[in-house]
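Take the sequences, apply the hints, and build the full model.
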Amino acid sequence: MMKIQPPLPLYTSEQIRALEQAVFDGGETAEQLMARAGAVLFSVLQTKWPDARTVGVLLGSGQNAGDGLVLARLARAEGFQVSLFGWCRPEQLHGAAHRAWMALKTVCPDVVVMQEMVEMPALSHLDVIVDAGFGIGLSRQRPLSAEAVHWIEYVNRARHDGAAVLSADLPSGLIADTGAGDLVVQADVTVCFLAMKIGLVTGRGPAVSGHIVLADLGIAPGKETPDVQLVLLAEPLPPKPRDGHKGRFGTVLVVAGNRGMMGAARMAAEAALRVGAGKVIVATHPEHAATLAIGRPELIVHGLAAATSLDALLAKADAIVLGPGLGCDDWAAQMAARVLATELPLVTDADGLGFLPPSAVMNSLRIMTPHPAEAARLLGCTVAEIEQDRLAAARALRERFGMLGVLKGAGSVIFLPDELRVCGRGSPALATAGSGDVLAGVIGGLLALGIVPAQALPRAVCWHSLAGEVLAEQSGAWGAVATDLFEPIRAIANGRMNLPPANVSLWP
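Positions in the sequence shown are counted from 1; adding 2 to them yields my numbering.
No lab work stands behind these hints, which were simulated from the structure alone. Model, not experiment: these values are computed from the prediction. Glycine included, each C-beta is placed from N, C-alpha and C at the ideal position. Check the hints yourself; a few may be wrong.
[Claimed, not checked] With a cut-off of at most 16 Å between alpha-carbon atoms, the simulated EDC-like pairs for lysine to aspartate or glutamate come out as follows:
| # | residue 1 | residue 2 |
| --- | --- | --- |
| 1 | Lys-225 | Glu-22 |
| 2 | Lys-225 | Asp-27 |
| 3 | Lys-318 | Glu-345 |
| 4 | Lys-281 | Asp-320 |
| 5 | Lys-50 | Asp-190 |
| 6 | Lys-107 | Glu-93 |
| 7 | Lys-281 | Glu-300 |
| 8 | Lys-50 | Asp-129 |
| 9 | Lys-248 | Asp-320 |
[Stated by the list, open to error] Just the calculated beta-carbon pair ranges, DEER-fashion:
| # | residue 1 | residue 2 | range |
| --- | --- | --- | --- |
| 10 | Pro-510 | Ala-394 | 29 to 37 Å |
| 11 | Glu-489 | Glu-33 | 53 to 61 Å |
| 12 | Ser-126 | Glu-16 | 32 to 40 Å |
| 13 | His-247 | Trp-51 | 56 to 64 Å |
As structure tokens, then:
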């Protein structure tokens with residue numbers, strides 16, 4: 003399978019339907035498209051599980067079932083044992099899916115169809131379960147039926163007991179446009195047809211899709227390019243100039259670290275150094291002035307009792323990071339007000355987000371970095387509502403605050419003035435205190451180097467996510483701490499790291 007280079011367009015279900023319609027208007031038939039989809043599914047199954055001989059196919063009521071039925075016919079022709087099960091009897095299917103069922107019955111009249119759900123069906127003996135239950139049809143307005151819930155639970159239980167799961171287009175239960183889903187099939191591999199769907203790479207998608215194989219089925223992209231792109235890689239920095247000096251690589255001012263929260267300021271500041279900032283100044287609470295640089299003497303630390311003392315430091319800065327461990331008391335409010343009055347490139351993170359004023363005007367020099375709980379507070383909603391549609395939340399943040407930013411989490415959503423990008427890299431190794439402080443510092447360091455915010459932000463998010471993957475690959479995700487990220491981030495920035503392969507590949 004081929005590696006994918008970014009950017010890769012991400013499609014909504016409406017855009018996929020328009021693409022399909024254009025294909026049909028061009029003379030292709032639904033049967034031809036379905037035949038190719040089913041053939042790819044079967045080829046992926048044979049490639050991923052070459053020793054498999056028993057296959058079960060989960061059938062829903064839509065056209066996605068037809069892809070599974072084509073696979074079933076091809077598998078029977080190759081001597082596989084095949085059984086069918088699900089919440090819809092195949093003879094009740096419509097259109098091309100029904101014709102795929104009739105083709106299967108013609109060559110395999112003895113094919114078994116299981117529908118009894120009183121007791122757990124015997125699925126765990128299967129080598130591979132092909133999930134052809136739902137495609138792009140699910141939405142918040144069209145939830146799972148009770149029968150579908152039962153069968154998805156059965157499939158997930160069988161996977162737990164040893165069966166592999168191959169999903170057709172999307173894991174059943176996952177909403178294509180958002181990545182939301184209360185109950186979703188846990189796939190080992192998902193074969194995504196025609197074009198990448200947004201839901202596979204954000205929200206619950208990264209946790210349930212397994213390895214994603216994109217099969218375009220020989221169909222060219224649509225005329226209109228979606229405004230959402232998938233980011234899988236980011237280029238390293240160019241070689242450091244031989245005649246360079248610290249003045250050429252910028253100064254970052256980190257305004258952070260209220261009482262008891264020195265660590266957040268320290269991590270953001272060191273991260274800026276680790277990506278090449280020439281100098282990093284930390285403006286912190288006086289309580290920490292004498293100790294913050296212990297073990298990292300390269301940091302220049304100022305303990306400030308009053309915000310008026312910031313002016314001299316702001317005059318030296320090329321970029322600012324505001325917020326890690328800032329707190330929300332009067333000292334924090336004064337510091338934030340002083341920083342927000344400047345016109346310098348600015349990263350606002352953590353506690354600093356609480357001091358942002360709404361703005362109707364886009365300021366492309368400013369970047370915000372909320373996680374879902376912070377985004378919920380900023381938008382006046384719940385975390386669950388943020389996670390139900392992460393792209394809509396990102397757009398709402400951009401509209402309300404008039405700046406660039408990233409909504410962090412699984413499939414971080416980067417919002418730029420005219421497009422969204424979803425980072426398709428990352429690891430649960432990043433789910434640890436201080437990880438966001440490190441990201442804020444990386445962004446600040448790149449801004450100080452003179453990289454424009456719209457380029458610095460996606461690069462920093464991707465490097466940070468890749469560093470999490472490196473840590474997980476080296477030692478596992480459990481027990482990773484934020485400061486472990488410094489060395490892999492530095493190596494990635496210099497192009498000196500062998501990176502883990504992306505979770506998305508092209509077929510063939």
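Lys-50 and Asp-190 were given as a pair; does the straight-line alpha-carbon distance stay at or below 16 Å? holds, 10 Å
Within 53 to 61 Å: is that where the Cβ-Cβ distance between Glu-489 and Glu-33 falls? Once the Cβ atoms are compared, 54 Å apart, the range 53 to 61 Å for Glu-33 and Glu-489 holds.
Decide if the proposed pair is consistent with the structure: Lys-281 and Glu-300, CA atoms, cutoff 16 Å inclusive. Judged against 16 Å, a Cα distance of about 8 Å means the pair holds.
With 56 to 64 Å as the target window, see if His-247 and Trp-51 comply at their CB atoms. For His-247 and Trp-51 the Cβ distance comes to about 57 Å; the hint holds.
If you draw a straight line from the CA of Lys-225 to the CA of Glu-22, is it 16 Å or shorter? Within the cut-off at roughly 12 Å; holds.
What's the verdict on Lys-50 and Asp-129, does the C-alpha distance respect the 16 Å limit or exceed it? Holds, at roughly 11 Å.
Does the hinted range 29 to 37 Å hold for Pro-510 and Ala-394 at CB? This hint holds: roughly 35 Å between Cβ atoms.
Holds or violated: are the alpha carbons of Lys-318 and Glu-345 at most 16 Å from each other? holds, 13 Å
For the pair supplied as a hint, Lys-281 and Asp-320, confirm whether the alpha-carbon distance does not exceed 16 Å. Distance ~10 Å between Lys-281 and Asp-320 Cα, so the pair holds.
How does the Cβ-Cβ distance of Ser-126 and Glu-16 compare with 32 to 40 Å: does it lie in that range? holds, 38 Å
Given the hint that Lys-225 pairs with Asp-27, does the C-alpha gap stay at or below 16 Å? Judged against 16 Å, a Cα distance of about 14 Å means the pair holds.
Distance restraint between Lys-107 and Glu-93, which requires alpha-carbon spacing of 16 Å or less: The hint holds at about 10 Å.
Of the numbered hints stated above, none is contradicted by the structure.
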